[in-house]
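Residue numbers (full-length UniProt numbering), protein chains in the order written: chain A, 1 to 222; chain B, 1 to 222.
Treat the hints with caution; some may be incorrect.
Which copy is meant is left open, because identical chains are indistinguishable; a pair holds if it fits in one copy or across any two.
Derived BS3-like pairs: lysine-lysine, alpha-carbon spacing no greater than 25 angstroms straight-line [unchecked claim]: (1) Lys48 / Lys73; (2) Lys209 / Lys175; (3) Lys180 / Lys116; (4) Lys73 / Lys106; (5) Lys48 / Lys86; (6) Lys36 / Lys89; (7) Lys73 / Lys89; (8) Lys48 / Lys99; (9) Lys206 / Lys48; (10) Lys138 / Lys89; (11) Lys87 / Lys73.
Simulated from the structure, these hints should not be mistaken for lab results.
Since the model is a prediction, treat every value here as computed from it, not as a measurement.
2 protein chains.
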Amino acid sequence: MTSLVLTDISQLTADGFEKLPDQTIYDVVNVNMSEKPDWLFDKNPNGKVPVLEVDGGDTLNDSFVIAEYLDEKYSYRPLHSRDPWKKAKDKLLIQLFNKVINALYKLFLDPNNLDKQSVDNIIGELIVFEEELDARGKPFFGGERPGMVDYMMWPWCERSDLLRIMGGDRWCLSKQKFQKLMEWRNAMKEDDAVKESYLEPTLHAKYFKSRLGGYPDYDIRV
Amino acid sequence: MTSLVLTDISQLTADGFEKLPDQTIYDVVNVNMSEKPDWLFDKNPNGKVPVLEVDGGDTLNDSFVIAEYLDEKYSYRPLHSRDPWKKAKDKLLIQLFNKVINALYKLFLDPNNLDKQSVDNIIGELIVFEEELDARGKPFFGGERPGMVDYMMWPWCERSDLLRIMGGDRWCLSKQKFQKLMEWRNAMKEDDAVKESYLEPTLHAKYFKSRLGGYPDYDIRV
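Construct the complete structure from the given sequences, taking the supplied hints into account.
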């Protein structure tokens with residue numbers, strides 16, 4: 001299968017997951033989301049990324065739908081639990097994390113919103129994840145290795161240092177309050193799939209700065 | 001397994017799906033969503049229905065997460081396609097239908113919004129479903145039998161006659177434009193699972209009227 005993954009720099013690309021089998025060839029195309037090209041709407045009427053295009057031109061959109069598709073299609077190392085109950089609980093956790101993503105994205109795109117209230121809201125949501133990780137008693141939400149929850153959360157946790165860069169040290173998470181998430185973050189950075197797509201916070205900051213300036217450097221990784 | 005399904009009258013209840021195996025016993029508890037009881041927030045911090053509670057008190061929320069859980073747990077007649085690509089496409093279709101649900105719900109809860117523009121918006125969204133059903137060339141989105149898309153859409157299509165009751169015949173869908181969806185609707189009404197939970201449009205209208213009046217008759221089916 002040949003696939004084309006349309007993404008912008010701020011999205012998890014397919015290589016953020018474990019390497020696909022060798023016979024799977026895919027290209028990544030970064031898209032300027034500030035001035036969307038017309039052809040993007042042919043691939044996805046919503047005009048959003050990511051988009052996965054396969055042989056024959058058929059496409060999927062929505063990062064979670066794409067992630068679950070890849071997980072089912074290439075099932076040699078499933079990211080979702082095989083236990084339907086655990087899988088359902090993980091899906092709810094991913095839904096809940098969308099609140100954190102939305103709040104973070106708003107801050108990244110308009111740093112004027114960066115005040116105590118908005119950061120407190122994010123911290124309030126994150127406590128659920130700290131408690132859940134503690135309750136699971138393993139280094140990752142997926143257990144001994146990262147699973148679907150870990151990989152769906154990661155791109156936004158990788159960017160969380162942006163808050164510190166944008167707002168100074170007072171926006172750091174409390175190490176006492178978020179001990180488990182801090183350990184999780186360090187462990188995630190050692191994961192092969194994460195390493196492969198990892199960008200330094202300063203590079204993320206550079207991208208968002210270019211985007212705020214009206215000229216997003218969407219090929220910043222290239 | 002004993003389950004408790006918390007729902008209000010306007011939600012699909014678990015018995016809207018094919019009958020669960022005989023050893024599965026579940027109770028349905030209807031909830032007054034205008035004056036939510038405190039215990040609902042113990043079952044689901046969001047305070048939304050449906051909620052599925054299993055032995056031991058653990059819960060799931062979100063109608064689609066619950067539906068997928070039941071589909072995986074009781075897999076003797078899967079509602080989702082086993083083909084990951086088809087399944088992913090169906091999930092996108094269900095996401096798209098959420099736009100119709102949101103638009104319909106707004107109209108049901110505030111009939112003052114019932115104008116040509118809002119109905120045209122719904123019709124615009126529904127055309128995608130008419131074309132998709134036509135392209136699939138089968139009576140149901142799931143093929144020869146209803147599948148996940150069919151059952152996720154159905155509760156709202158069952159209620160669509162409310163528009164006619166509320167707004168008169170001018171809000172009927174065009175039989176020429178929506179021939180496939182009309183045939184689908186008639187076929188769905190013959191499905192055993194649909195029959196079991198089917199409510200006449202006049203009963204739906206009575207419920208929404210009671211809700212608009214401030215005293216929702218949430219046990220209207222009992």
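Cross-check of the supplied hints:
no.	hint	in the structure
1	Lys48 / Lys73	within (23 angstroms within a copy, 33 angstroms between copies)
2	Lys209 / Lys175	neither (28 angstroms within a copy, 53 angstroms between copies)
3	Lys180 / Lys116	within (23 angstroms within a copy, 54 angstroms between copies)
4	Lys73 / Lys106	neither (33 angstroms within a copy, 38 angstroms between copies)
5	Lys48 / Lys86	between (30 angstroms within a copy, 21 angstroms between copies)
6	Lys36 / Lys89	between (36 angstroms within a copy, 24 angstroms between copies)
7	Lys73 / Lys89	both (22 angstroms within a copy, 13 angstroms between copies)
8	Lys48 / Lys99	both (18 angstroms within a copy, 16 angstroms between copies)
9	Lys206 / Lys48	within (22 angstroms within a copy, 41 angstroms between copies)
10	Lys138 / Lys89	within (16 angstroms within a copy, 34 angstroms between copies)
11	Lys87 / Lys73	both (17 angstroms within a copy, 11 angstroms between copies)
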